[in-house]
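Q: The sequence shown runs 7 to 65 under the numbering used here.
Keep in mind the hints are simulated off the structure, nothing from the lab.
Where is the CB? At the ideal position from N, CA and C, for every residue including glycine.
Mixed in with the good hints, there may be bad ones.
[To be verified] Quick list of the computed label-pair ranges, beta carbon to beta carbon: (1) Glu-61 x Asn-26: 45 to 51 Å; (2) Asp-28 x Leu-62: 30 to 36 Å; (3) Ile-63 x Ala-38: 47 to 53 Å; (4) Ala-34 x Ala-54: 37 to 43 Å; (5) Ala-64 x Phe-27: 36 to 42 Å; (6) Ile-63 x Phe-27: 45 to 51 Å; (7) Asp-60 x Leu-37: 26 to 32 Å.
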Amino acid sequence: MKKYPASEKDIFPVSACTSNFDEWSALASFLADMIEKYAEILIPEIEAVQITVDELIAA
Numbered sequence: 007m008k009k010y011p012a013s014e015k016d017i018f019p020v021s022a023c024t025s026n027f028d029e030w031s032a033l034a035s036f037l038a039d040m041i042e043k044y045a046e047i048l049i050p051e052i053e054a055v056q057i058t059v060d061e062l063i064a065a
């Protein structure tokens, strides 16, 4: 059993960091794909709401 403080390598093994990075990278790619896919749907709706708000403010 170790009787000295754990080093950084013991706490955060490189393999765990690489795995964690791969998971975050996959999540980021997924989110980017979803944003790109749904932006086509959401942007016209947001613009329509903004036009309505602008018309109400101008009235």
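Q: With reference to the structure, classify each hint as holding or not holding.
A: Verification of the supplied hints:
Range check, Glu-61 to Asn-26: Cβ separation about 49 Å, and the 45 to 51 Å hint holds. Against the hinted window of 30 to 36 Å, the Cβ-Cβ separation of Asp-28 and Leu-62 comes to about 48 Å, which falls outside the hint. The hinted range of 47 to 53 Å is not satisfied by Ile-63 and Ala-38, whose Cβ atoms lie roughly 34 Å apart. Here the CB-CB span from Ala-34 to Ala-54 is close to 30 Å, at odds with the stated 37 to 43 Å.
The hinted range of 36 to 42 Å is not satisfied by Ala-64 and Phe-27, whose Cβ atoms lie roughly 50 Å apart. Range check, Ile-63 to Phe-27: Cβ separation about 47 Å, and the 45 to 51 Å hint holds. Between Asp-60 and Leu-37 the beta carbon distance is about 30 Å. The supplied range of 26 to 32 Å therefore holds.
This entry does not satisfy hints 2, 3, 4 and 5, going by the numbered hints stated previously.
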